[in-house]
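Colleague: The residues making up each chain are set out below.
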Amino acid sequence: QKEVEQNSGPLSVPEGAIASLNCTYSDRGSQSFFWYRQYSGKSPELIMFIYSNGDKEDGRFTAQLNKASQYVSLLIRDSQPSDSATYLCASTGGFKTIFGAGTRLFVKA
Amino acid sequence: GAVVSQHPSWVICKSGTSVKIECRSLDFQATTMFWYRQFPKQSLMLMATSNEGSKATYEQGVEKDKFLINHASLTLSTLTVTSAHPEDSSFYICSARSRLAGYNEQFFGPGTRLTVL
Numbered sequence: 001q002k003e004v005e006q007n008s009g010p011l012s013v014p015e016g017a018i019a020s021l022n023c024t025y026s027d028r029g030s031q032s033f034f035w036y037r038q039y040s041g042k043s044p045e046l047i048m049f050i051y052s053n054g055d056k057e058d059g060r061f062t063a064q065l066n067k068a069s070q071y072v073s074l075l076i077r078d079s080q081p082s083d084s085a086t087y088l089c090a091s092t093g094g095f096k097t098i099f100g101a102g103t104r105l106f107v108k109a
Numbered sequence: 001g002a003v004v005s006q007h008p009s010w011v012i013c014k015s016g017t018s019v020k021i022e023c024r025s026l027d028f029q030a031t032t033m034f035w036y037r038q039f040p041k042q043s044l045m046l047m048a049t050s051n052e053g054s055k056a057t058y059e060q061g062v063e064k065d066k067f068l069i070n071h072a073s074l075t076l077s078t079l080t081v082t083s084a085h086p087e088d089s090s091f092y093i094c095s096a097r098s099r100l101a102g103y104n105e106q107f108f109g110p111g112t113r114l115t116v117l
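For the record, the sequence lines run as chains A and B.
Residue 1 is where the first sequence starts when you use the working numbering, and the numbers rise one by one after that.
Residue 1 is where the second sequence starts when you use the working numbering, and the numbers rise one by one after that.
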């Protein structure tokens with residue numbers, strides 16, 4: 001069964017620090033990878049996607065992909081209390097997108 | 001761009017009644033729409049996938065006769081919870097995939113919170 005695994009957390013970091021969120025996936029045929037942010041009581045919001053090995057930066061966010069290790073990560077620089085949320089990792093190899101259960105991030109002011 | 005709306009945002013109904021939830025892609029055409037359910041502090045659970053003009057594909061364990069899905073156009077899908085019971089109370093979220101999406105990204109609606117009394 002195709003799976004996406006994430007540490008449920010909570011991951012607690014101080015304000016201004018770098019938050020590192022990790023994800024592994026089982027389907028080697030996965031081609032695209034996504035990070036969504038979900039605030040409590042709200043629906044997920046797409047932050048970034050990545051499809052090539054290496055790093056992709058967008059503002060304070062950097063997504064990293066290593067297909068050989070089947071590993072995806074999201075770095076959040078200069079973490080803010082407003083970044084406190086659950087972060088969902090997802091992969092797709094075609095029609096269906098597989099979501100991880102999410103990692104709860106808590107940024108302490 | 002890539003805005004998905006849902007209506008209603010919340011609904012309270014009596015046990016045994018039916019509730020319809022609408023999902024619309026506002027600024028793009030969605031060939032595929034997905035319906036998820038999420039219980040408090042739990043992960044997203046995919047219920048079904050719908051493609052415009054064809055029958056929905058339901059995930060294992062999801063009753064197709066209870067959760068009716070219609071995807072009548074490239075911008076509208078509806079989920080009807082028939083004969084709702086308190087255990088159907090949950091957060092229902094739709095997402096849409098653009099026919100132009102190069103990397104299969106999904107965009108989520110704001111969700112509908114259903115409470116069945």
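Derived from the structure by calculation, the hints contain no laboratory data.
Using N, Cα and C, we set each Cβ at its ideal position, and we do this for glycine too.
Be aware that one or more of the hints could be misleading.
What the hints assert, rightly or not - Far from chain A, some chain B residues (derived; all Cβ distances over 12 Å): (1) 12; (2) 59; (3) 88.
What the hints assert, rightly or not - 27 Å max Cα-Cα, derived BS3-like pairs, lysine-lysine: (4) A:56 / A:96; (5) A:67 / B:14; (6) B:55 / A:108; (7) A:67 / A:108; (8) B:64 / B:20; (9) A:96 / B:55; (10) A:42 / A:96; (11) A:67 / A:96; (12) B:14 / A:2; (13) A:108 / B:41; (14) B:20 / A:2; (15) B:20 / A:96; (16) B:41 / B:14; (17) B:41 / B:66; (18) B:64 / A:96; (19) A:56 / B:66; (20) B:64 / A:2; (21) A:42 / B:66; (22) B:14 / A:96; (23) A:108 / B:14; (24) B:64 / B:14; (25) A:56 / B:20.
Colleague: Return the numbers of the hints above that this structure violates; sort them in rising order.
Modeller: 2, 5, 6, 7, 12, 14, 19, 22, 23 and 25
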